[in-house]
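Novice: With the first letter of the sequence shown counted as 1, position 55 gets the number 55 in this note's numbering; the numbers rise by one all the way through.
These are computed hints drawn from the structure, not numbers from a lab. You may find that some hints are simply not true.
Label-pair ranges, simulated between beta-carbon atoms [stated by the list, open to error]:
#1 T43 with H22: 22 to 30 Å
#2 P7 with V57: 15 to 23 Å
#3 T35 with D67: 41 to 49 Å
#4 Q30 with Q52: 31 to 39 Å
#5 I3 with Q50: 56 to 64 Å
#6 P37 with K62: 26 to 34 Å
Model, not experiment: these values are computed from the prediction. For every residue, glycine included, the Cβ atom is placed at its ideal position computed from N, Cα and C.
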Amino acid sequence: MNIQQIPQTDSIPELAEFWDTHDLTDFEQQLEEVTEPVFERETVVQIYLQPQEMEVVKNVAKSQGIDYVDL
1 MNIQQIPQTD SIPELAEFWD THDLTDFEQQ LEEVTEPVFE RETVVQIYLQ
51 PQEMEVVKNV AKSQGIDYVD L
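Work the whole structure out from these sequences, hints included.
Specialist: The structure is reproduced here in structure tokens:
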């Protein structure tokens, strides 16, 4: 029997598609515990914007499907 492997990719869409059609419990033997942070912010920067500039930032973020504070 051919044992299916978890995809080795950093592509969120590819991984999402894979896990939408597979059960995590079928891959327990391939999993490993991660003890360090995976996604950690390195620096936070605060800037002051004019109200009209803030609207532009919010529109750009919305068009990219993210929250404006993540830009």
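Novice: Range hint 31 to 39 Å: satisfied by the CB atoms of Q30 and Q52?
Specialist: Because 51 Å falls outside the window, the suggested range is violated.
Novice: Kindly confirm whether 22 to 30 Å is satisfied by the beta carbon distance between T43 and H22.
Specialist: Because 36 Å falls outside the window, the suggested range is violated.
Novice: Does the beta carbon distance between P7 and V57 stay inside 15 to 23 Å, or does it fall outside?
Specialist: 35 Å, violated
Novice: The hint says 26 to 34 Å between P37 and K62; measuring C-beta to C-beta, is that right?
Specialist: 28 Å, holds
Novice: Just tell me: holds or violated, for the beta carbon distance of T35 and D67 against 41 to 49 Å?
Specialist: 28 Å, violated
Novice: CB of I3 to CB of Q50, is that within 56 to 64 Å?
Specialist: Given range 56 to 64 Å: holds, Cβ gap about 58 Å.
Figure legend: structure checked against the earlier numbered hints; hints not met, in rising order: 1, 2, 3, 4.
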